[in-house]
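All chains should be modelled from the sequences, with the hints used to inform the complete structure.
2 protein chains.
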Amino acid sequence: MSKFGEEWTRGFRDMLTEAGGRAIEDAKMSGAEIDAMYVGTMAPGSLVGQEHIGALVADYMGLTPIPSTRCEAACASGGVALRQGYMAVASGIHDCVAVGGVEKMTDTPGDEIASALGGAGDQEWELFMGATFPAIYAFTARRHMLEYGTTEEQMAAVAVKNHANAAKNKYAHFQNEITIDTVMKSKYVASPLKLFDCAPITDGAAVVVLMPLDKAKKVCEQPIEITASTQASDYLALHSRESMTSLNATKVAAKKAYEQAKVSVKDIDIVEVHDCFTIAEIMAIEDLGFFPKGQGGPASAAGKTALNAEISVNTSGGLKGCGHPVGATGIKQAVEVVWQLRGTAGARQVKDAKVGMTHNVGGSGATAVVHIMKNDA
Amino acid sequence: MSKFGEEWTRGFRDMLTEAGGRAIEDAKMSGAEIDAMYVGTMAPGSLVGQEHIGALVADYMGLTPIPSTRCEAACASGGVALRQGYMAVASGIHDCVAVGGVEKMTDTPGDEIASALGGAGDQEWELFMGATFPAIYAFTARRHMLEYGTTEEQMAAVAVKNHANAAKNKYAHFQNEITIDTVMKSKYVASPLKLFDCAPITDGAAVVVLMPLDKAKKVCEQPIEITASTQASDYLALHSRESMTSLNATKVAAKKAYEQAKVSVKDIDIVEVHDCFTIAEIMAIEDLGFFPKGQGGPASAAGKTALNAEISVNTSGGLKGCGHPVGATGIKQAVEVVWQLRGTAGARQVKDAKVGMTHNVGGSGATAVVHIMKNDA
Numbered sequence: 001m002s003k004f005g006e007e008w009t010r011g012f013r014d015m016l017t018e019a020g021g022r023a024i025e026d027a028k029m030s031g032a033e034i035d036a037m038y039v040g041t042m043a044p045g046s047l048v049g050q051e052h053i054g055a056l057v058a059d060y061m062g063l064t065p066i067p068s069t070r071c072e073a074a075c076a077s078g079g080v081a082l083r084q085g086y087m088a089v090a091s092g093i094h095d096c097v098a099v100g101g102v103e104k105m106t107d108t109p110g111d112e113i114a115s116a117l118g119g120a121g122d123q124e125w126e127l128f129m130g131a132t133f134p135a136i137y138a139f140t141a142r143r144h145m146l147e148y149g150t151t152e153e154q155m156a157a158v159a160v161k162n163h164a165n166a167a168k169n170k171y172a173h174f175q176n177e178i179t180i181d182t183v184m185k186s187k188y189v190a191s192p193l194k195l196f197d198c199a200p201i202t203d204g205a206a207v208v209v210l211m212p213l214d215k216a217k218k219v220c221e222q223p224i225e226i227t228a229s230t231q232a233s234d235y236l237a238l239h240s241r242e243s244m245t246s247l248n249a250t251k252v253a254a255k256k257a258y259e260q261a262k263v264s265v266k267d268i269d270i271v272e273v274h275d276c277f278t279i280a281e282i283m284a285i286e287d288l289g290f291f292p293k294g295q296g297g298p299a300s301a302a303g304k305t306a307l308n309a310e311i312s313v314n315t316s317g318g319l320k321g322c323g324h325p326v327g328a329t330g331i332k333q334a335v336e337v338v339w340q341l342r343g344t345a346g347a348r349q350v351k352d353a354k355v356g357m358t359h360n361v362g363g364s365g366a367t368a369v370v371h372i373m374k375n376d377a
Numbered sequence: 001m002s003k004f005g006e007e008w009t010r011g012f013r014d015m016l017t018e019a020g021g022r023a024i025e026d027a028k029m030s031g032a033e034i035d036a037m038y039v040g041t042m043a044p045g046s047l048v049g050q051e052h053i054g055a056l057v058a059d060y061m062g063l064t065p066i067p068s069t070r071c072e073a074a075c076a077s078g079g080v081a082l083r084q085g086y087m088a089v090a091s092g093i094h095d096c097v098a099v100g101g102v103e104k105m106t107d108t109p110g111d112e113i114a115s116a117l118g119g120a121g122d123q124e125w126e127l128f129m130g131a132t133f134p135a136i137y138a139f140t141a142r143r144h145m146l147e148y149g150t151t152e153e154q155m156a157a158v159a160v161k162n163h164a165n166a167a168k169n170k171y172a173h174f175q176n177e178i179t180i181d182t183v184m185k186s187k188y189v190a191s192p193l194k195l196f197d198c199a200p201i202t203d204g205a206a207v208v209v210l211m212p213l214d215k216a217k218k219v220c221e222q223p224i225e226i227t228a229s230t231q232a233s234d235y236l237a238l239h240s241r242e243s244m245t246s247l248n249a250t251k252v253a254a255k256k257a258y259e260q261a262k263v264s265v266k267d268i269d270i271v272e273v274h275d276c277f278t279i280a281e282i283m284a285i286e287d288l289g290f291f292p293k294g295q296g297g298p299a300s301a302a303g304k305t306a307l308n309a310e311i312s313v314n315t316s317g318g319l320k321g322c323g324h325p326v327g328a329t330g331i332k333q334a335v336e337v338v339w340q341l342r343g344t345a346g347a348r349q350v351k352d353a354k355v356g357m358t359h360n361v362g363g364s365g366a367t368a369v370v371h372i373m374k375n376d377a
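Top line first, the protein sequences correspond to chains E and B.
Per this note's numbering, the very first residue in the first sequence carries number 1; after that it's consecutive.
Per this note's numbering, the very first residue in the second sequence carries number 1; after that it's consecutive.
Calculated directly from the structure, the hints in this document are not laboratory data.
A few of these clues could be false.
All copies of an identical chain are treated as equivalent in the list; a pair is satisfied when it fits inside any one copy or across any two copies.
Below, in silico cross-link-like pairs of lysine to aspartate or glutamate (DMTMM-like), each with a Cα-Cα straight-line distance of 25 Å or less [said to hold, decoys possible]:
1) K255 x D95
2) K256 x E33
3) K262 x D35
4) K255 x D35
5) K251 x D35
6) K3 x E124
7) K251 x E310
Okay, structure coming up:
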C-alpha cells in the first residue's frame, strides 16, 4: 500500500502505481505475468474529473493491453473489486490478477467531497434533503443508544483503540494516540457523533495480487488463501431498512462467508471492520457475531477488541486511525490481514493469527463484502 | 431494453427497472431466482449525483439482498459488466445473474455532459487541454483521411445506414432515415466530424439474464450461448498510442475472441460495433477483420455493411441511430444480437443469422470488449 494521509503533492496515478509495484514485487512476479486487473474506486469522476480508471491504471502501471476493470460500490469499492478478482481467478479465465483500490480526495473542496460521498446513499431521498453521511450515521448512533443504552464514551473507546493501533502502523494516516477525553471534547459533527468519531478524508492506494493457490505456493514465500468471498446488498436508503441499528447486508454476507470458509466466528483471530464512524464498528462486531447485539459498545469500552484481547479488531488502525481513502479501504483491509497472518505486522502483530476476516461496507450499509483468509503454510 | 431517447420524465431507476422486468420475464424467471447482479454505468456521480448504483438497482428491482456490483469502463461499462456476469457464472459462484446497463444523461446541461464524458479520456492530458471527445475522434478521422484517403462522404454513409436500421427499431432513439446530404450539410462539431457523424446524448437502459447453458436450455425458449467474452486495454491518451487510426485494444480482444469461440471473422453473420462517431465504425470493421485496413470507408460507402449485405453492421441502428446512453450501450448490443440470433428482429431481421458479435469501446479506445454469441438451438 501507499502511505495513507493527506498527500498534497501526489495524484492517484502516483499512489496506485507505488502500491502496485510493491504488491507485484512482494508476490515475486513481474508485471508481464499479471493478466488482468481490477480497481476499486468510488468517485474519481466527481472528485477529480477522471473516469475509466481501469484502463488508466493498466496504462500507468505498464500493464497495457491486459483487461482492466473498475468496480464501484461506494466505500465498499475495494471489497467488490477484490471479489471480482477472486471470481476471475476462480473461473479459470485469468491466472494472475492484480486488484487495487484508490481514492484521491484532498484535491477537492470539503463541501464537494461531502456531496460526492453523499452519492453513496440514496441521492434523491437522503442527500438531496440534506442528509450527508455523518448525519445518516448519527441517526444510527442515536437509535443504537436508545435501543441498547450505548454511550458516547463507548463510541469514543473505539476511536481511542484504533488510534492506538494506527500509531503502530507506519502506513497509517494518524500516528498519534488519543484519549477518551480527546474524543469527548471534540466538536459535534452531527450529534452524537463528534469529530473524533469520524474517519478522516484521506488519500491512498493499496494493491494485492491473486492467483490459484497451487501456483501461489510455488512463487510466493507466504501465500495467504482466500477461503471465503461474499457480498450482499440492502435497501439503499436508511429509511427503507428493517432496522437502523443492524446491517442486514453484513449479516447475510457474514453467514455465507462462515459457511464458505467452513469456520465459525470463534475461529477468527483478527478482523478488519468498516469503522467509517465509531458506531459502525460497534454495529459491525455485533452483526459479524463477535458480540451479542447491543454488547458492541460495552465490549469496546472494556477493551475486548484491543490488540491481542478477546478479538483483535482493526489492527491497521481501521478507517478511523489508518484513514479512509474510500476505494482503497477494502484492499487495505486485505493487506493488513495478509501481514498479520504472515506474522510481519511488527509492533501491532497479533499472536498466533491463523484466520483473518475483512468487512467492507458501502454507503450506510447497502453493500457489505466479507472475506475470510488463512495462512496456508 | 427500455425505449432509448430523451426521456425527460424518467430517471434511471425507472428505465433500468423496466428493462430488468422485461429481461427476467423473457428468461421465464422470477426475481427470486436471480442471485447476483452487475450494472454498467459510466458517470452517474457526475451526471446525477448518485454512485453506488449496484445496490440501488438491486433495491429498486426488489432483488435485495443479492450481491450487486457496478462496473465502469467509460463507454464500455456495459460490456465489462457483461463480462463480469459471464465470469460470475463461469466460476460457479453464481448460478443466475442479471446484467444491466444504464445512463441518464438529459438531466445534465450540455457542457457538464461534455465534461463528464471527457473523464473517459485522460483528464490531465486531454480534457484539461480542451480536447473533448468529438475533438479526439476528429484527430482520428483526419489522420484516417490522410493515411487511407477516407472521405467525409464515406463517413456520412455510416450514419445514413445506421439511421436506416434505427428506423426499423422501435426502441431506437431516432426513427427517421437520413441522406448523405443530411450529414454533409450538418454543422461541423469538430472538423471533419459534423453533427450527424456523432452519436446523440441519450437516456436508456438494457438488461440481459445469464445462466449456465444446460440450465438455460431447460428454462428459456431460445437461449443464446456466449461463446467468447474478451477484453483488452490500451494507453488512455490518444497521443500515447502506436497508431491513431487503429485501436489495438479492439485487435487484441477480437483475436482472443475468435480463438475462444473457435470461429473466424468469416463466420460472423451480424456485428454490433461501437460507432460513437462514424469514423469509429469504420475503424471497428477494419480492426475486427471484416475489411482490410483502410477499406472501411469504401466498404461503407458501397453498402457492404447494410442489412443483409456482406456483413450486417449495427442492425440496431448503432450508437448513432439507436442512441448512446453510455453505460447501456454494451448491453443493448447484446440484446440486439440475441434478438437477431433468435430471428425476432422484425423488419431489420438478418437472414439465417447464426453467429453474432458485439464490440464495445471505452473512451477513445483504452478499453475494448468483444463478445461472440450463437444460437444453440
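Next on the checklist: If the cut is 25 Å between Cα atoms, do K251 and D35 qualify within a copy, between copies, both or neither?
Outcome noted: between (34 Å within a copy, 17 Å between copies)
Next on the checklist: Cα distance capped at 25 Å. Does K251 pair with E310 within a copy, between copies, both, or neither?
Outcome noted: For K251 and E310, the Cα distance is within 25 Å only inside one copy (21 Å; across copies 56 Å).
Next on the checklist: As a check of your reading, is K262 near D35 (CA-CA no more than 25 Å) within one copy, between copies, both or neither?
Outcome noted: between (30 Å within a copy, 21 Å between copies)
Checklist entry - How do K255 and D95 come out at 25 Å by Cα distance, when the copy is not named: within, between, both, or neither? => result Between copies only: 19 Å across chains, 28 Å inside a chain, cut-off 25 Å.
Checklist entry - Is it within, between, both or neither when you check K256 against E33 at 25 Å Cα-Cα? => result between (32 Å within a copy, 17 Å between copies)
Item to check | Within, between, both or neither, where K255 and D35 count as close if Cα-Cα is 25 Å or less | outcome: Close across copies (16 Å), not inside one copy (32 Å); limit 25 Å.
Checklist entry - What label fits K3 with E124 when the C-alpha limit is 25 Å: within, between, both, or neither? => result between (35 Å within a copy, 23 Å between copies)
Violated hints: none; the structure is consistent with every hint.
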